[in-house]
Amino acid sequence: MSKPKIIDKIATVIIYAMAGFIVLILAGLLFYILGQGLQYVNWHFLTSRAESFSAGGGIGIQLFNSIFLLVLSMIISIPIATGTAIYLSEYSSNGRVANFIRTAIEILSSLPSIVVGLFGFLIFVINFDIGFSILSGALTLTVFNLPLLIRSIEDSLNSISSSQREAGLALGLSKFETVTHVIIPEALPAIITGLILSAGRVFGEAAALIYTAGQSAPPVDFTNFNPMSITSPLNLMRPAETLAVHIWKVNSEGLIPDVVAVSAGASAVLILAVLIFNLLARFIGNRIYSKMTGDK
Amino acid sequence: MDNIKAKLTVKSKSSKREMNGKIISMFCTTIIVVLVISLIGFIASKGIAIFVVDKVNIFDFLTHSVWSADKTDSQGRPLLGALPMIVGSFGVTFLATIIATPFAVAAAIFMTEISPKLGNKVLQPVIELLVGIPSVVYGFIGVSVVVPLVRKMFGGSGFGILAGTFVLFVMILPTITSMSIDALKAVPRHYREAALAVGATRWQTISRVVLKAGAPGLFTAVVFGMARAFGEALAVQMVIGNAMLLPQNLISPASTLTSVLTMNMGNTVMGTTSNNALWSLALLLLLMSLLFNSLVKFIAKKGTL
Numbered sequence: 546m547s548k549p550k551i552i553d554k555i556a557t558v559i560i561y562a563m564a565g566f567i568v569l570i571l572a573g574l575l576f577y578i579l580g581q582g583l584q585y586v587n588w589h590f591l592t593s594r595a596e597s598f599s600a601g602g603g604i605g606i607q608l609f610n611s612i613f614l615l616v617l618s619m620i621i622s623i624p625i626a627t628g629t630a631i632y633l634s635e636y637s638s639n640g641r642v643a644n645f646i647r648t649a650i651e652i653l654s655s656l657p658s659i660v661v662g663l664f665g666f667l668i669f670v671i672n673f674d675i676g677f678s679i680l681s682g683a684l685t686l687t688v689f690n691l692p693l694l695i696r697s698i699e700d701s702l703n704s705i706s707s708s709q710r711e712a713g714l715a716l717g718l719s720k721f722e723t724v725t726h727v728i729i730p731e732a733l734p735a736i737i738t739g740l741i742l743s744a745g746r747v748f749g750e751a752a753a754l755i756y757t758a759g760q761s762a763p764p765v766d767f768t769n770f771n772p773m774s775i776t777s778p779l780n781l782m783r784p785a786e787t788l789a790v791h792i793w794k795v796n797s798e799g800l801i802p803d804v805v806a807v808s809a810g811a812s813a814v815l816i817l818a819v820l821i822f823n824l825l826a827r828f829i830g831n832r833i834y835s836k837m838t839g840d841k
Numbered sequence: 016m017d018n019i020k021a022k023l024t025v026k027s028k029s030s031k032r033e034m035n036g037k038i039i040s041m042f043c044t045t046i047i048v049v050l051v052i053s054l055i056g057f058i059a060s061k062g063i064a065i066f067v068v069d070k071v072n073i074f075d076f077l078t079h080s081v082w083s084a085d086k087t088d089s090q091g092r093p094l095l096g097a098l099p100m101i102v103g104s105f106g107v108t109f110l111a112t113i114i115a116t117p118f119a120v121a122a123a124i125f126m127t128e129i130s131p132k133l134g135n136k137v138l139q140p141v142i143e144l145l146v147g148i149p150s151v152v153y154g155f156i157g158v159s160v161v162v163p164l165v166r167k168m169f170g171g172s173g174f175g176i177l178a179g180t181f182v183l184f185v186m187i188l189p190t191i192t193s194m195s196i197d198a199l200k201a202v203p204r205h206y207r208e209a210a211l212a213v214g215a216t217r218w219q220t221i222s223r224v225v226l227k228a229g230a231p232g233l234f235t236a237v238v239f240g241m242a243r244a245f246g247e248a249l250a251v252q253m254v255i256g257n258a259m260l261l262p263q264n265l266i267s268p269a270s271t272l273t274s275v276l277t278m279n280m281g282n283t284v285m286g287t288t289s290n291n292a293l294w295s296l297a298l299l300l301l302l303m304s305l306l307f308n309s310l311v312k313f314i315a316k317k318g319t320l
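Sequence order for the protein chains is A and B. Under our numbering, the first sequence has 580 at position 35, and the numbering climbs by one with no breaks. Under our numbering, the second sequence has 266 at position 251, and the numbering climbs by one with no breaks.
Hints listed in this document are in silico derivations from the structure and should not be mistaken for laboratory results. Hints may contain errors.
To be verified - Think about it this way: if two alpha-carbon atoms lie no more than 25 Å apart in a straight line, the pair counts; the simulated PhoX-like pairs of lysine-lysine are:
(1) B/Lys28 with A/Lys550
(2) B/Lys316 with A/Lys720
(3) B/Lys86 with B/Lys227
(4) A/Lys720 with B/Lys317
(5) B/Lys28 with A/Lys720
(6) A/Lys554 with B/Lys136
(7) B/Lys37 with B/Lys132
(8) B/Lys28 with B/Lys200
(9) A/Lys554 with B/Lys200
(10) B/Lys227 with B/Lys132
(11) B/Lys227 with A/Lys550
(12) B/Lys20 with B/Lys31
(13) A/Lys720 with B/Lys37
(14) B/Lys70 with B/Lys86
(15) B/Lys86 with B/Lys200
(16) B/Lys37 with B/Lys26
(17) B/Lys317 with B/Lys200
(18) A/Lys554 with B/Lys227
(19) B/Lys312 with B/Lys227
(20) B/Lys22 with B/Lys37
(21) B/Lys227 with B/Lys200
(22) B/Lys200 with B/Lys136
(23) A/Lys548 with B/Lys200
(24) A/Lys554 with B/Lys28
(25) B/Lys26 with A/Lys720
(26) B/Lys227 with B/Lys317
Everything numeric in this text was worked out from a predicted model, so none of it was measured.
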């Protein structure tokens, strides 16, 4: 064999090994977390409240807080992101204004989440005087989530061929009607996939929340549905430590004796949630697509 | 007659809807722009307070290594030197990027040149999952696996820049990889065909044609990875050791800009010197993020020329 051929073989082997190493890392991570954590996950762990100083605490309130915050921030960010994505993909020309808007969104999406969290702390917690609360957390998560959501929705809208837009306009629909009746329905599978993936990211976010939603989870009475009452789970003004923040908190303060058990269990729950979000994104996207295109 | 005139001059339902839709979408866009401008404005105004109100010298701030807001120097200015954190942040960022880049590029070559089928089936989902794992989980694994391992192999407490580097390496790997894949995919097919046609082996084609043509994209991927590493807060804070001292070696406890912010923002009172100093660190983070951003733009401009 000539020298270049030998080098080619060696390089191929090395690249195979390096790619294999990455797969091994993920396998090791999943194996470790699920292997360590799943043994602690049971109904009691998922529903009971966390302990501050003794062992045997659960993650019930934190889990609820995470889901509640996710839903709230999605409710706020989806309309704004959709509106902006429609503007960027349908109305804006490639002029200076559009360029400026795009730059602003890029800057926002590249900001470290701790900076976004500190901004939320400064504006919502201190200037608006909302305090450490679900509301501050949800608004901050919205700021964190918006740029990524806008990009994914805009990409979905841009992937629709322009003949669809022309067809809509030719039928006498206005531009906006074309968007709402023709473009968005066709882009829906891609949009939903993007939404679910961003939901997974929001669910695991902690740095943006430690100074906005707070680091404590006061007891909540799940039979109290009066949103004005401080013990109601629906109250927007109570401090709400989420699952991700809880993992950070118990590890960095370590006042409970079963730190490893609690954080391994909570990490396993977080990872499972991320896996479910990922699978859902694939499954629901495909499902809606085949339903809407009549393709079985 | 009047009826027709009225009909022609009054806006149709459709055009009213069009107006409303356009206004709503422009309103949403305005929200984002206002948000970004106010974010930069607010953090900048808090961040410069330490230089304007407390009269700290910017040059001292960036080059001195004693951080203690309640002590003052001979001119009565608080002793605030952010060098330990700056060194820590850049240290973990550069080391993590140096380790992660070869793996990321190798994975991208595997995906685009060697075995796209296997790559799409195995590597792609692996990378998507790695992106999705929350940073606190990486931090927890760092504390429970990486730190003890470093302690065993290199001694010391295990907390420090080396542990931070390993954690960040795994965290930025998927970021760099997925963007490198895009960069190599964008290299036109006929480049490869031309190289193979003149008798180059696959590795010669990859190393002399594909990687060169994809270089701007690969640089962009690396910069994005660095930006992510630089801004990562909790995972790094959990393994870095949180000592505001200049790191002596890779296994002595250190700190980064983000770790100091995470640890101390809650322990200081708004408006005090020590609090203002923290906001300057936040401003420094913001400026670095803007710098990474313009670097990406610069590479994109150069790459298309």
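* Hint numbers not upheld by this structure, sorted from lowest to highest -> 1, 2, 3, 4, 7, 8, 15, 23 and 24
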